[in-house]
Amino acid sequence: MAKGAVKIVVERCKACGFCVEFCPTKVLALSSAFNSKGYHPPHVVAAEKCSGCDLCGMYCPDFAIFGYRLPQPQATPAKETADAR
Amino acid sequence: MSSEIRNPVEPFLRMDRMPHIWCPGCGIGTTVNCFTRALIESKVDLENVAIVSGIGCTGRVAGYVKLDSFHTTHGRAIPFATGLKLANPKLNVVVYSGDGDLSAIGGNHLIHAARRNIDLKVICVNNLIYAMTGGQTAPTTPNDAITSTAPYGSYEPAFNLPHLVEAAGAVYVARWTTYHVRQLARSMQEAFAKKGFCFIEVLSPCPTLYQRRNKLGDGLETMKYYKEKSKVRNGAPTSELGLSMQGEIIVGKFVDRDRPDYRELMRHRLAETLGERYVECEELVCS
Amino acid sequence: MHADPAGVLTGVHFLDGDHACCEGALAAGARFASGYPITPSTEVVERFAARVPTLGGIFIQMEDELAASIALQGAVWGGAKAFTVTSGPGFSLMMEHIGYAAMTETPCVFVNVQRGGPSTGLPTLPAQADMMQARWGSHGDYEIIALCPNSPQECFDLTIKAFNFAEQFRVPVMLMMDEVVGHMTEKVVIPPAEQIAIQPRRHTGKRPPDYLPYETNGDMVPEMAHAGEGYKFHITGLTHDQRGYPVMTVPAQDKLVRRLQQKIQRAAEEISLFEEGNMDDADVVVVSYGITSRVAQRAIELARSDGRRIGKLRLITAWPFPEHRIRALAQKAKAFVVPELNLGQMVREVERAAGGRARVAPVSHAGGGVHRPEDILRAIVEAA
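Residue numbers (my numbering), protein chains in the order written: chain B, 1 to 85; chain F, 1 to 287; chain L, 1 to 384.
Because the hints were derived from the structure by calculation, they are not lab data.
Take these hints with a grain of salt, some might be off.
Claimed, not checked - Covered by chain L, according to a simulated footprint, are these stretches of chain F (three or more residues, beta-carbon under 8 angstroms):
1) 48 to 59
2) 64 to 75
3) 84 to 90
4) 105 to 119
5) 276 to 283
Claimed, not checked - Away from chain B, derived, C-beta distances all over 12 angstroms, residues of chain F:
6) G25
7) A150
8) A185
9) K215
10) E221
11) R233
12) P237
13) D258
All figures in this text were calculated on a predicted structure; none of them were measured in a lab.
Beta carbons are placed, not taken as given, at the ideal position from N, Cα and C, and that holds for glycine.
With the hints as constraints, model all of the structure from the sequences given.
Printed below as a string of structure tokens:
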């Protein structure tokens, strides 16, 4: 399951492209949809790759997108130790 | 559940004034994100943060941020902020303004506040132009750039702001671009915690005027230029930080020094000479 | 509310006007001044710089008048009572920020110790040629209050009044001194603090969610808050609505600017202070202010000793101008004689208010000295 997800406020987007460009795992792409101002907002094309790092949120000049971490399933102590090794 | 999760920036915005007036691809909103992250991380008491801006596109930040905010006159955010800070030293006073406002009409106040080491955090969004008024030459406009008042290309040498402010006495000087969001937020956080005159320059696109008139692409193109041509050189001599059109951009933290701030200097002198007669004021609140 | 005794130098003093003005500011509760040196005003802040550190206040000499005129406003929004002092050239530089204070309704005091102008003029010599500038100097439609002391005692008293008006009406108040009044030394009686009435800051009692920075009450003056109290308000010089948010519409502009005008004009009779004498039978009324009123007093006495019926109207408040009084007097008097240390400024207001019902004779003086009583007397005799 993805570590994170994004929320997009479609109507605020001005399609500057920052979020698409600077997402480290290329989760986003500009969609072919329009908002009411005629801009193409981004949409998620690789949801499983989202880490919730919120770089998109930091870049967005229009406050139209942000990322957040999803609560992860608890790992058992034994399994964690095994992974660390 | 996802409907409960809010953009971390929203509690800091006057949402009843959204959407803002900045253009597509303008970087000012990006700096506001960094600002809010810095406020969150530094755990400052928001009731004691005041933001003062001047006139210009960046000057509009004060109106959009949900703090005690003052949209003052062109170039005079710093002296207003000086009076505000001296009257209530508990306030963390941030000056958020543009390159034209701070270094042209506001230039005199910039250097004197730095000289005095007034405890202010100055965030200078530098889009190399006077944007709000339609794209005129600023003291930071690089040589050769076309502006509405330099239709044949600017032939004036441009300010090297970090150098200027360091020479004037600032105790914290950094430069980032709107590409360097994490570093910018961190610098802002450091500035909030530091006593004295702190100056952070942020290079930002003005796609509508600076970039367009000079055929330099849109906001995204500019951000890619920042990414490609920026070089992080923390501690570099500020004399080497000059900018040229589409040239290398040296970013980083250049000055982080300690010297007594204005209030400390004042207190020291007056206590020393007046002894018991000196009445220190914490806040100048009249009844 | 009464003055804080700590700031009141109770006693009988021998002070010049500049020094008395400083004491007035301290008595009024001013604990912040930002200034820039300019003759003949500098002594006001020099004294303040020496006095205020013992009273828990701050003086900062700023790098220019542009900075001085706005730093004090930052201090006001931080909670202080604050002022600055200047003379002609500095007054001109301060105009933008006087407009900002009017627009944002920042209570504060600007002292102008007038000197010869225009431009650098006569730095050490008197004039009264900034009177119209005090009213109209900044751009746009706005109102201010301007007071004119004619003695060091009045420099003390009217500075307190200036602060009180500023707080009551949330407006910048000009104290229009002149070089002679500023530099003349006379007896100044400073009463005990409990005899000095102070208008406190009209701070809102509302809690943050209910507070609107420019919501007005019956007297058209909004309640104020300070930074750092949790109100998170927005102040701007742009045309704004009750929330303080910029609004770019004709109705918003109309509403705001008319209120800024009316909050003063509707109280004009309360604000327009003047001193009158011998009006019952007056044929000629001498209208004067500041140092000129002292010379005019002598001229009036000389004229009266000759049996002439001369009335005296001394403006204590220059703005708002007491047009109601002039209008009433114009019904009965034959003429107004208006001596000023300028080429005709307040005389225009007298003319306007008299509306042609009485002759109005200026007695102009380009400045650099004061009138001789005989100059004013001649004009009185000619007007009678």
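State whether the coverage of the stretch 64 to 75 of chain F by chain L holds or is violated, taking the criterion as 3 or more residues with Cβ-Cβ distances under 8 angstroms.
holds (count 9)
Does P237(F) sit more than 12 angstroms from chain B, CB to CB?
holds, 30 angstroms
Please settle this one: R233(F) was flagged as non-interface, so is its CB more than 12 angstroms from every CB on chain B?
Correct as stated: the minimum Cβ-Cβ distance to chain B is 22 angstroms, above 12 angstroms.
Any Cβ of chain B at or closer than 12 angstroms to D258(F), or is the non-interface label fine?
With a cut-off of 12 angstroms, D258(F) remains clear of chain B, as the shortest Cβ separation is near 30 angstroms.
Count the residues of the stretch 276 to 283 of chain F whose CB lies closer than 8 angstroms to any CB of chain L, then report whether that count reaches three.
holds (count 6)
Using a Cβ cutoff of 8 angstroms, are there at least 3 residues of the stretch 84 to 90 of chain F near chain L, or does the coverage claim fail?
Since three or more residues must qualify, the claim that chain L covers the stretch 84 to 90 of chain F holds, with 6 doing so at under 8 angstroms.
Nearest-CB test (12 angstroms) between chain B and E221(F)
Non-interface label on E221(F) violated, nearest chain B Cβ at 9 angstroms vs cutoff 12 angstroms.
Using Cβ atoms and 12 angstroms as the threshold, tell me whether G25(F) really stays out of contact range of chain B.
Given that some Cβ of chain B is not farther than 12 angstroms from that of G25(F), nearest at about 4 angstroms, it is violated.
Going by Cβ atoms, does K215(F) stay more than 12 angstroms from chain B at every point?
At roughly 18 angstroms from the nearest Cβ of chain B, K215(F) sits farther out than 12 angstroms, so the non-interface label holds.
Quick check: the stretch 105 to 119 of chain F, covered by chain L? Criterion 3+ residues, Cβ under 8 angstroms.
holds (count 3)
In terms of Cβ atoms, is chain B entirely out of 12 angstroms range of A185(F)?
violated, 7 angstroms
Minimum Cβ separation between A150(F) and chain B greater than 12 angstroms?
holds, 27 angstroms
The structure does not agree with the numbered hints 6, 8, 10 stated previously, though it agrees with the rest.
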